[in-house]
Amino acid sequence: MKKEKKPKLAVWKFSSCDGCQLTLLDCEDELLAVADRVEIANFPEASRHVVRGPYDLSLVEGSVTTPHDAERIHQVRRASKFLVTIGACATAGGIQALRNFKDVKEFTSIVYANPTYIETLNKSTPIADHVFVDFELRGCPISKQQLIEVLSAFLSGRRPATPTYSVCLECKRRGTVCGLVTHGPPCMGPVTQAGCNALCPSYHRGCYGCFGPKETPNPSSLSSYWRNAGMKNDELLRLYRSYNAYAEAFRKESEAHEK
Amino acid sequence: MKNRTVKVDYLARVEGEGGILVKVKDGSVTDVQFNIFEPPRFFEAFLRGRHFTEAPDITARICGICPVAYEMSSIHAMENAFGVTVGGQLRALRRLIYCGEWIESHALHVYMLHAPDFLGYEDVIQMARDHGDAVKKALQLKKVGNEIVALLGGREIHPINLRVGGFYKVPTKQQLNTLVDRLKWALEAALDTVRLTATFPFPEFERDYEFVALRHENEYPFNEGRLVSNRGLNIAVNEYDLHFIEDHVEYSNALHSVMRDRGAYFVGPLARFNLNFDRLTPTARKAARAAGIAPPCNNPFKSIIVRSVETAYAVEEALRIIGEYEMPESAVVDIHPRSGVGYGCTEAPRGILYHRYRLNDKGLITDAKIIPPTSQNQKTMELDLRHFVPDRMELPQDKLTWQCEQVIRNYDPCISCATHFLRLEIEERRGREAPAGHEVRSGKAHH
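Quick mapping for you: the protein sequence lines, in order, are chains E and B. With the working numbering as the guide, the letters of the first sequence map in order to residues 1 to 259. With the working numbering as the guide, the letters of the second sequence map in order to residues 1 to 447.
This is chain E alone, in the form it adopts within the complex (with noise of 0.2 Å):
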């Protein structure tokens, strides 16, 4: 009898704090079914099998910050048929990102005497600045469901179905009251793409941008918003200068409160 040959999954690692890539873990109902149809070649936070490539598909975590991670990166993508992105690190350059601001505004004076310094790059950059990739899955973490469906999708050959609007409909779609017309704390959700359903608004919190910009926001507008009710500029840059701060919409938008 033949065997059907499962497709290879890699999931690779760089500069993160391994959540996204743990996420898989988390799949507990699922873990099993998806290694049933998946042959999982190279994991090495669950594994210490390894598989030679070419792999079907790569998850890739993480942000690259240092010229090894540079050059790793590019014999990923020549291994892999088909690479995703997964988490803020990885699409956006992640928390570690906040460098990226710091060296060219702050310690461009600033002398580093530890060689070991030498070895990290100036900037925390996505996957995407050094490869092509072909999807990209959001989040800090990233949704459960939505890896689920990348898997899925990747299986039967379709592109993943995620949203590229905003929090806000995911607010109206669940009923939570939203907190910018009832004068509720600062919130993100306009101009935040979609994906874990509207979470902090129904905490009773405002969205702090896990999932990075929305597909065309206007965060100048509800910066200008929240002026009016008299948040200071070094509130607003704080409020863009987070998980997704070097993502281009968050990124400029946070350079015109920098003082």
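The hints are simulated quantities; they were obtained by calculation from the structure and are not laboratory data. Mixed in with the good hints, there may be bad ones.
Looking from chain B toward chain E, a few residues come up when the C-beta cut is under 10 Å (computed) [stated by the list, open to error]:
| id | residue |
| --- | --- |
| 1 | V14 |
| 2 | R50 |
| 3 | I58 |
| 4 | G64 |
| 5 | A128 |
| 6 | G132 |
Distance condition first, Cα-Cα at most 25 Å in a straight line; then the derived BS3-like pairs of lysine-lysine [claimed, not checked]:
| id | chain 1 | residue 1 | chain 2 | residue 2 |
| --- | --- | --- | --- | --- |
| 7 | E | K232 | E | K102 |
| 8 | E | K102 | B | K362 |
| 9 | B | K399 | B | K25 |
| 10 | E | K252 | E | K102 |
| 11 | B | K173 | B | K143 |
| 12 | B | K25 | B | K7 |
| 13 | B | K369 | E | K123 |
| 14 | B | K399 | B | K23 |
| 15 | B | K169 | E | K172 |
| 16 | B | K184 | B | K286 |
| 17 | E | K102 | B | K369 |
| 18 | B | K143 | B | K169 |
| 19 | E | K123 | E | K102 |
| 20 | B | K362 | E | K232 |
| 21 | E | K6 | B | K136 |
| 22 | E | K252 | E | K232 |
| 23 | B | K399 | B | K7 |
| 24 | B | K7 | B | K23 |
This structure is a prediction, so every number in the text was calculated from the model and none was measured. Ideal placement from N, C-alpha and C gives every residue a C-beta, glycine not left out.
Once you've looked at the hints, dock chain B against the given chain E.
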């Protein structure tokens, strides 16, 4: 065989990127390195200038495996700085979410990262072919822990509901009650896990460690207590910096946390167990004794049994907290920021996690110091390898290599945690404010 080199380029089944190198010449170990090549991420540097309310969410991003620990240590440090104590049901809920993180993290490590070593599998998927029921049980046990974290925190990874002063929103009694049946099942599953891990073959390996853990007057420690050791350390959390320092050792590029004038120490489940056995529930104590372990346990391989015992404890504690829960009127206590220094230390699944923040009168962070458990254990891990290898020189290379990996995995190292930092020495331009204590420490080995 008198000369051997054991080299693991990319250590699997740990969180993060690290390798091992052990060199033996003429029967004695000449070099040991638990090499961490995960890139540094500079958290302490960019925490400066951030508002105190942001620290829990930002530091959670140091580690996707134990974000609750980072949130809790930073929250306690801020409350310490502002002279606030959170009590009653809010305090109980904090213990509850920590129970969830311990259950999820311990189940992950026991079954998915550590057990395959003892049973001779490369990973849990291979293990599932022969031990399908055990693996399914493991996944459900892990899921119960994640359900607690998700219910209280909003989501499993980087929960959004914890804040300085309490929570954004507290659950109703009914919501918590939905967990009870699954937790009752989980208690049996955790006790089965203790029985299962007790049957594993353990290498004969013991050393005379100094164990360090929190100790609370009547609880098994999560959030509060004094720092104690089996050799007489007994200090308040805000005295940490007086007793623990970073040491640059000759045989490695890595910086290690050591106790002043005392050297390496051991944090984590085995340390907690040895120092707080009397604070476990009777069920957990009984399960431990039946599994043949009681303090002092000096064999780090047996930490897998201890993690299972702690899982059973965490499940029972969660049931107790839910049983006694009454929804508080307010989700958060009043916070009035003031300038000063705050200290926080809580028991992450892997051991004590220390945070210290200096704040200005606007509530902005001017200096941050974070010491995760893995960098505190790093020196002890290397010393274990140094003692482990010489007695096992007759083992074939693949077996010796695998056992050396296991020596490191005993500690459930979280390399992502240990490398959020790197020592950088900074000369400031004239006229700028001196960066008081701006040392961003590192466990990073040169790579």
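Evaluated hints:
| no. | hint | verdict |
| --- | --- | --- |
| 1 | V14 | holds, 7 Å |
| 2 | R50 | holds, 7 Å |
| 3 | I58 | holds, 7 Å |
| 4 | G64 | holds, 2 Å |
| 5 | A128 | holds, 6 Å |
| 6 | G132 | holds, 8 Å |
| 7 | E/K232 with E/K102 | holds, 20 Å |
| 8 | E/K102 with B/K362 | holds, 21 Å |
| 9 | B/K399 with B/K25 | holds, 19 Å |
| 10 | E/K252 with E/K102 | holds, 15 Å |
| 11 | B/K173 with B/K143 | holds, 21 Å |
| 12 | B/K25 with B/K7 | holds, 14 Å |
| 13 | B/K369 with E/K123 | holds, 23 Å |
| 14 | B/K399 with B/K23 | holds, 16 Å |
| 15 | B/K169 with E/K172 | holds, 19 Å |
| 16 | B/K184 with B/K286 | holds, 17 Å |
| 17 | E/K102 with B/K369 | holds, 19 Å |
| 18 | B/K143 with B/K169 | holds, 22 Å |
| 19 | E/K123 with E/K102 | holds, 10 Å |
| 20 | B/K362 with E/K232 | holds, 13 Å |
| 21 | E/K6 with B/K136 | holds, 22 Å |
| 22 | E/K252 with E/K232 | holds, 17 Å |
| 23 | B/K399 with B/K7 | holds, 12 Å |
| 24 | B/K7 with B/K23 | holds, 8 Å |
In this structure, none of the earlier numbered hints is contradicted; all agree with it.
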